[in-house]
Amino acid sequence: MNWINNYVRPRINSIFSRREVPENLWSKCDECGTMLFHRELSDNLNVCTQCGHHMAISPRDRFAGLFDGGIFVEIDVPQPVTDPLGFKDQKKYPDRMKAAQKKTDEKEAMLIAEGDIGRTPIVAAAQDFSFLGGSMGMYVGNAIIAAAERAVELKRPLILFSAAGGARMQEGILSLVQMPRTTVAVQMLKEANLPYIVVLTHPTTGGVTASYAMLGDVQIAEPNALICFAGPRVIEQTIRETLPEGFQRAEYLLDHGMLDRVTPRTELREELITIVRMLMKKSPAIKGDLPAPGAQFDDTPA
Amino acid sequence: MTHYLDFEKPLAEIEGKAEELRAMARQNEDMDIEDEAKALDRKAEQLLKELYQTLTPWRKCQIARHPERPHCQDYIDALFTEFTPLAGDRNFADDHAVLGGLARFNDTPVIVIGHEKGNDTKSRIERNFGMARPEGYRKAIRLMEMADKFGLPVVTLVDTPGAYPGKGAEERGQSEAIARCTEKCLQLGVPLVSVIIGEGGSGGAVAFATANRVAMLEHSVYSVISPEGCASILWKDAEKMREAAEALRLTAQDLNKLGVCDHVIAEPVGGAHRDRAATIEAVKNAISGMLADMANSKPKALIQDRRKKFLDMGSKGLAA
Ligand SMILES: [Zn+2]
Numbered sequence: 001m002n003w004i005n006n007y008v009r010p011r012i013n014s015i016f017s018r019r020e021v022p023e024n025l026w027s028k029c030d031e032c033g034t035m036l037f038h039r040e041l042s043d044n045l046n047v048c049t050q051c052g053h054h055m056a057i058s059p060r061d062r063f064a065g066l067f068d069g070g071i072f073v074e075i076d077v078p079q080p081v082t083d084p085l086g087f088k089d090q091k092k093y094p095d096r097m098k099a100a101q102k103k104t105d106e107k108e109a110m111l112i113a114e115g116d117i118g119r120t121p122i123v124a125a126a127q128d129f130s131f132l133g134g135s136m137g138m139y140v141g142n143a144i145i146a147a148a149e150r151a152v153e154l155k156r157p158l159i160l161f162s163a164a165g166g167a168r169m170q171e172g173i174l175s176l177v178q179m180p181r182t183t184v185a186v187q188m189l190k191e192a193n194l195p196y197i198v199v200l201t202h203p204t205t206g207g208v209t210a211s212y213a214m215l216g217d218v219q220i221a222e223p224n225a226l227i228c229f230a231g232p233r234v235i236e237q238t239i240r241e242t243l244p245e246g247f248q249r250a251e252y253l254l255d256h257g258m259l260d261r262v263t264p265r266t267e268l269r270e271e272l273i274t275i276v277r278m279l280m281k282k283s284p285a286i287k288g289d290l291p292a293p294g295a296q297f298d299d300t301p302a
Numbered sequence: 001m002t003h004y005l006d007f008e009k010p011l012a013e014i015e016g017k018a019e020e021l022r023a024m025a026r027q028n029e030d031m032d033i034e035d036e037a038k039a040l041d042r043k044a045e046q047l048l049k050e051l052y053q054t055l056t057p058w059r060k061c062q063i064a065r066h067p068e069r070p071h072c073q074d075y076i077d078a079l080f081t082e083f084t085p086l087a088g089d090r091n092f093a094d095d096h097a098v099l100g101g102l103a104r105f106n107d108t109p110v111i112v113i114g115h116e117k118g119n120d121t122k123s124r125i126e127r128n129f130g131m132a133r134p135e136g137y138r139k140a141i142r143l144m145e146m147a148d149k150f151g152l153p154v155v156t157l158v159d160t161p162g163a164y165p166g167k168g169a170e171e172r173g174q175s176e177a178i179a180r181c182t183e184k185c186l187q188l189g190v191p192l193v194s195v196i197i198g199e200g201g202s203g204g205a206v207a208f209a210t211a212n213r214v215a216m217l218e219h220s221v222y223s224v225i226s227p228e229g230c231a232s233i234l235w236k237d238a239e240k241m242r243e244a245a246e247a248l249r250l251t252a253q254d255l256n257k258l259g260v261c262d263h264v265i266a267e268p269v270g271g272a273h274r275d276r277a278a279t280i281e282a283v284k285n286a287i288s289g290m291l292a293d294m295a296n297s298k299p300k301a302l303i304q305d306r307r308k309k310f311l312d313m314g315s316k317g318l319a320a
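Quick note, the sequences are listed as chains A and B, same order. Numbering follows our numbering, in which position 52 of the first sequence is assigned residue number 52; successive positions increment by one, without gaps. Numbering follows our numbering, in which position 313 of the second sequence is assigned residue number 313; successive positions increment by one, without gaps.
So that you can see chain A by itself, here it is in the shape it has in the complex (with noise of 0.2 Å):
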């Protein structure tokens, strides 16, 4: 790890140091009951050790993981207009963003950053299922805009971490313009000949499904992932009748076609080198110890 202290870009205004977790919190795994040590748990990127149950991770958490020595550089999102509505339910729609961005420590519903994966460089944005729900609104459209027009600047793919319960109500109509808003972000990418993939997080339904986050070149889901357009809960009370098993997780998309592949997270990274270092044409990527930087290591287009 020694190199990476004076591996420092001056394009680099954010590190990520993981979250100090205390040693001695235990976690009860929802899926097999089992008790985790909080630092097992995190260490293992919040999946079950015993069952393999994939618990929710965070974008900090899941970009310390996925970028080389957790180093990413955040990109700014452009700002929109603050509840653009007025939108006021049970409670006003500024009230319930305040209490969310206390209970993440987060601007908002999606992280994008650039960094590099097994010394690929790439852009990448992962949304936060925590906040509010992961929903879709002007911030999340403006942040896969953002990330698409970085990743085409830098010409760098973009990996998308998906994960959401649709789109944005308090946002009304200008949550659901975000679908047609993040098709351009795609077409963008597509343009440039740049890879997109997907991966579609627990749970990826609604407005986001039948978007942005179907459009990949490559579609990856977590295993037992929920991914819909209607939920469950709507289809039975449409049909009236129970649904099959499995229905709607991400083995059963597979199943139907609708996916490329199912991927544990513990074994994400590792593939997303692998795929992108391709489409990108470039040579595989280096296994085991990582040369220090200015070191010579080909990196040319094979």
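Hints listed in this document are in silico derivations from the structure and should not be mistaken for laboratory results. Some hints could be false.
[Unchecked claim] Computed beta-carbon distance windows for the label pairs: (1) Lys190/A x Asn256/B: 27 to 37 Å; (2) Ser123/B x Ser130/A: 39 to 49 Å; (3) Asp95/A x Glu145/B: 45 to 55 Å; (4) Thr238/A x Arg242/B: 17 to 27 Å; (5) Asp95/A x Ala78/B: 43 to 53 Å; (6) Ser297/B x Ser130/A: 40 to 50 Å; (7) Gly189/B x Gln79/A: 30 to 40 Å.
Beta carbons are placed, not taken as given, at the ideal position from N, Cα and C, and that holds for glycine.
Fit chain B with the ligand to the supplied structure of chain A, relying on the hints for placement.
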């Protein structure tokens, strides 16, 4: 027989009374009721005007869903000539919730695509109440590709409660079909104009309405979620649909202010169903105007224009 909406009840009573009087007079020649009946007519007319001047968003939703409102097929029959329906997605089925085909509009060949809800029990079931399955979106994609290939403008007529939430639809990739249809809209090098004639329900609507120009009938609605759905999620009570309709800003007037709808098409007093011919004529003029706007645009410019329209959307809120 006219179908009255719940808020039109007082109107139904007055119009009913006038009708009763006239029926009695037809039976009994000595009766002179004409003055009285005419007075009732005037009263009804006045009330109708008042009711429709102050429509709440929820009432607009009700009008947008009115069973006698002109539907896609009515517009196609009246506004297009030589309509030649083209069916099927070449993969699985033909979706009867989506009408589409070649037609002439003002003699110019176009591709027309729209959701059809049906107008009686039998046709409503056949049309799946205007809720398209993946096949419907894939049929639309196929037709849009044809339009692009032969340089024909595309006209879409949007009227759907939303894409169908069913088991098979999910298994066959409802999300992917909608996403690809929206993507296809954005790729077209021909003019794409859209009219929301009734309900613009969520992703099922946006897949057809990602257009260069979007017009909405005065009492149509366009929303990310139905008021009932929104109410059950945010208010935990589907009965709060009035509040939800208010909060969602789903009326043509609000969407016009937000830059989502370019043009509001006036409806006759009492809504489109009270004067279908006048409504259809107004929609015709709107489509003509929108197509004329783009008559000389090059393919690249049309694609850029559509992209820019959506990228710029939402830069100002309603408060502005
Ligand atoms: Zn477990």
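>> So, against the hints stated earlier in the document, which numbers end up violated here?
In response: none
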